[in-house]
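Chemist: Listed below, chain by chain, are the residues.
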Amino acid sequence: MWDWQNASPLTGLNFVAMVVGAVVVLAIGLGVVTYTIYAERKVIGWMQGRIGPNRVGPFGLLQSIADIVKLLIKEDVVPERADRVLFLLAPVIAFIPSFMVLAVIPFSARHPFTANLAVGALYYIALSAITIHGVMLGGWASNNKYALIGGMRSAAQMLSYEVPLGLSLVGVILMAGSLNLNDIVEAQARSGWWYIVPQFLGFCVFLVAATAELNRTPFDLPEAESELVAGYHVEYTGFRFAFFMLTEYLYLFAMGGLMATLFLGGWTGPWLPGWLWFAIKVFAFIFFQFWLRATMPRIRVDQLMSFSWKVLLPLALLNLVVTAVLKAFLS
Amino acid sequence: MLGLAWTPPMIAFLVISLLILVCAIMAISFRKVIYMALAIGGVFLGCAAVYILLGAEFVGAAQILIYAGAITILIMFAIMLTNHEAEEPPAAWSVRNIAAAVGCVLLGVTLYAVIRSQSWPHGAAGADVNQGQSNPVAVGLALFQHYTVPFELVSLLLIVALVGAVILAQERKEDE
Amino acid sequence: MGGAGSVAIPAQSLLALAAILFCVGLYGALTKRNLIIVLVSIELMLNAVNINLVAFSRLGVAPNLNGQVFALFTITVAAAEIAVGLALLLAVFRLRKTSEVKDLDLHKW
Amino acid sequence: MFGFLKGLGVTLSQLPRKKVTLQYPDVMPEWPERFRGVHRFIPELCIVCNQCARICPTSCISLSGTRDENKKLRIDTYDINFDICILCDLCTEVCPTESILMSDTFELASYSRDDLYLDMHWLYENELRYERAHPDRVAPAQLEKAGEA
Amino acid sequence: MSPYWNAYLYVVLFTLFGLLLPFAALWIIGPILRPNKPAKGKLTTYESGLEPFGDAHVRYHARYYLFALLFVVFDVETLFLYPWAASFHQLGLFALAEMLLFIVMLAIGLIYAWRKKVLEWT
Amino acid sequence: MAQTEETLERLGVPADKLEHHRLRLDDDPDVRTEEMLLNVGPQHPSTHGVFRLLVKIRGETILDAEPVIGYLHRGTEKLAEDLQYTQIIPYTDRLDYLAAMLNNYALCHTVEEALGLEIPERAEYLRVIVMELQRIASHLLFIGTYLLDLGAMSPFLYVFQERERIVQMFNKICGARLTYNYMRIGGVKWDAPPGWLDEVRAFVPFMKERIKMYDDLITGNEIFLNRTRGIGQYDTETALKYGLSGINLRCTGFAWDLRRKKPYSIYDRFEFDIPVGTRGDCFDRYYLHLLEMQQSLRIVEQALDQIPDSGPVLGKVPKLIRVPKGEYYSGIEGARGELGFYIVSDGKDKPYRLKIRKPSFVNLQLLPELLRGQNIANLIAILGAVDIVLGEVDA
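Chains as they are written, first to last, in numbering that gives the first Met the number 0: chain A, 0 to 330; chain B, 0 to 175; chain C, 0 to 108; chain D, 0 to 148; chain E, 0 to 121; chain F, 0 to 394.
Estimated spans, in silico, between C-beta atoms of each pair: (1) C:R95 - B:L106: 31 to 37 Å; (2) D:T104 - F:S309: 32 to 38 Å; (3) B:S93 - E:P30: 39 to 45 Å; (4) A:F287 - D:R136: 49 to 55 Å; (5) F:Y328 - D:D113: 43 to 49 Å; (6) C:Q11 - B:L152: 31 to 37 Å.
With a Cα cut of at most 35 Å, we get these calculated DSBU-like pairs of lysine-lysine: (7) A:K309 - E:K115; (8) F:K171 - F:K349; (9) F:K211 - D:K18; (10) E:K36 - A:K73.
Keep in mind the hints are simulated off the structure, nothing from the lab. No experiment lies behind these values; they were computed from the predicted model shown. All C-beta atoms in this analysis are idealised placements derived from N, C-alpha and C, irrespective of residue type, glycine included.
Modelling step: build the complete structure from the supplied sequences, incorporating the hints.
Modeler: Below is the structure:
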């Protein structure tokens, strides 16, 4: 009953399996976010000579949960001058795509958790662009100068890095001959190498663009607390704020999954079970993000924009052309 | 309703159509321009769902990427760069508006009559438009084997649009 | 994986949806005063056309991909159209401080 | 070109280092002998010379005393307003008998300003607490005099 | 019914859950749990500790629009690159030439924007 | 034009605003982007205290900036008129609270000059050691907060590790961690406790290693370089015109250090360099802090070698200090520039007037000039590098 992916026609039990799969992914997503935040605080704390959260639960393991509960019982303040409807709606608009992209990430070889879409990679890129609306509208609806600048910058940044991100995938698609993420994993397993090797340039572009797309240091301009105080979510409180945070960390997880799938062979790997390999690769990505955050200062907004268009985009195009030419003449 | 087969795709289609129409009506009846932009995003997403329902996965994803993603953002930026609080005045029953409304309703009725009067093909059962490929691959093959010239014209169109829009939108340096 | 197989949606319903969407868009384009909304209404009409194109690619006499490819081109053209249209609007707004169609109907600025 | 890689190395090398966090309420900081916390006061030693009140830059000390049967001045009240005390240590510097001293009490937060008005009894209690906590730090002269009284 | 529908049904489920979670948390559970004590000070907009003055909704520099514009153009390019890349192994050299021409055209657009200082922030 | 007004009316712009709009249109018919007043502070994370910067921006270009100060004003100068000289010392702790030892010294030094006091050797050495340690602590905090402003959070937490060691040493020698009140007119309050000098000696190599670590972590980072190179640049002439001093002056290549140019205390006995910048930009200002810490360590090392083993730490000072009638000024090289105390005395035990030359306050005057015409993204980088301490600016 678990194998609903090829079940035709779909029986009731298959459907139940599907719902269970979705619920499990939701639970995994929320769990990963909770403990990513915890791990981030711990790892960055360790890198800074601190011990990180340690008061709630053993080793502070319940810290993030305590934070969530705190946010849930916080008053929900909507500023008087804000555009109420959009203000309330913006976090939801931002959140939904962040969860939807998880539908196509192949977590392991055979499981009921992945939609086997033929347009998988494009689906991810297309949906992640919708989050920009939420961020932008959130900043606009707050009717606050910092929030508006933060929202606009955020949108401009995410737009700018969406392009190299999308183009860096093309090299992988060229090699695998499919947009389907499952096929890409299998093509890597067949070819015997992870695409990080032949697509190293593409991988670098992807990594930089992904970091920027996730609004993480050194590209965390939108929420630059030392300039814009907190960027687009300056006016958000309680659980609405939590949804913006949830969105960011879900994307961190999803982007890690995407990177593992496209460049690191997804769930393939020797000895260990597939899901564990996948988890290791995703965590490597997440750890790298923490590491960057502990080290880097923030890039300036004009440099940020020109970097995307003047460096990353040409590099991505170059990578694409080289891959295509090599593929055409080698095969 | 009128002898429709209540298959799951049909139900999905009805739900999606309802979403599209509600969003479309909202898109032209809200007063705040930014709400209109948001509602039109709903229409775009609904259309994407219709395409996917019809098996045109790639066009559906393209619709989300270009329309719901890029174009809606562009519209929002345009609103934020002009008059944020722009509002449509409440519908005034001017002659022009009434004429437009009557004309549109008449057009709709005529179109509906035409649609009803014809018998439409239902697609060859079992015909696979993708010829055994996955949809994006099939679209790619069609695009690059049969539509080479239009494809290159697209790049020309894009570059012309880019240049034109840059010239129009760029602020002159002396304003700084 | 090769597509949706046969689709049990009657062509009439799809065409009707497209027709209504087209009329709504047309009404908007004719009556609205804000240039942005006029452009948005035109997008509605384009989407209506796209629905028809995709519908016929699936439900036509000889189903093939031409409709989908055309829809792709339409989307592209729409993107170019709105980009230039809004750029025009920005340029006009800069000079006239208005984004209303009514204020822009003079031949000489 | 890749100078930031050096920086990444630095942060990574810090990861396994020993952590410096002090678990404050569980582990109290170790204060050196000269630490200037809230005052402690030994009434027996005070000769009511008023020097501490005069040197205080913020005038937060107020005291009064009476002459006893031996014509010796005895302290009656000794109040420090901790609202304005800046813990500058000048009062203990001028005290000829070392009756006003600094202790290692440093937790001063309270819900009311009234609680910050410390009187002689509080200060003496603080002295007793300090003696219990640091038996090795009490000066012999001080012990002697305290014993006499 | 085919795997195609199953996959998209799964996506629909994700959409529904994605809607359900925030609505449940913000509009159903939230109001029960959280206090609501609005006060004048709370409801004002943050402005570095001062009374907010002026409207935040002023117009910004058109460069934001220009970046969005570039984004649209290159997004369309990406859109065409995807099916090309996916079907490239069946297309051969002619498709490579086609795409090179396409990329060169857009690169010209990029260079134009570069020269016109669209890519500069200041 | 009439049409524009009509449009504005229809948009519901009130009549008084209409005037405003029209004015702008007339002024500059081609203006594309509206101007906006942006408040940075008083409650803003990057203003290092309660400092308000009112910035007028168009788009993202700063047209003008106006620092609004005084949120931390405590009237130190006025209070001093009612205090004996010894009593003023704890107040100086609170001026530049990151470099309280230097403030202590500056006041004591001025009074000592006025009185012509002889300071015991050991006291002089102790003073130099704590002052240079204080300078290191202060520079460390600059590096930490500046990098925090620029978005890197680790240096901020690293600097506190070294600073903690310095502060602990101060705690041992004078019993306080921030407001030391250590110097006295004619010497210092306490001699170093047993083992204290060895602790300082052990600190020096540790600190050298950490400076190298900061160099690795920060100096080479491309993002940091891009954000600070050529930003907030000015030349020596401008710096002198505005009366800048300290690193803000030296970054332009002008080697001006009072420890060398007008030696006070026993600074003429030490070998050390005056590091200077070349371009006068934010990067130079950052890098000079790093280099100056090395020089301070050199001074500390030499002082540790030269300090006499024992001796008095407080000279012969009258019980009640009365400064002879007259006006006295002396300045020292503070952590942020020339820190001077100007005393007008009428011969009583309290100053008739005390004026403090506060380097932060003077350096701040350049800020509007630096910000004008800049991109708003550079605001924080420039503001941070000017290195103000609000306790000193507002006094």
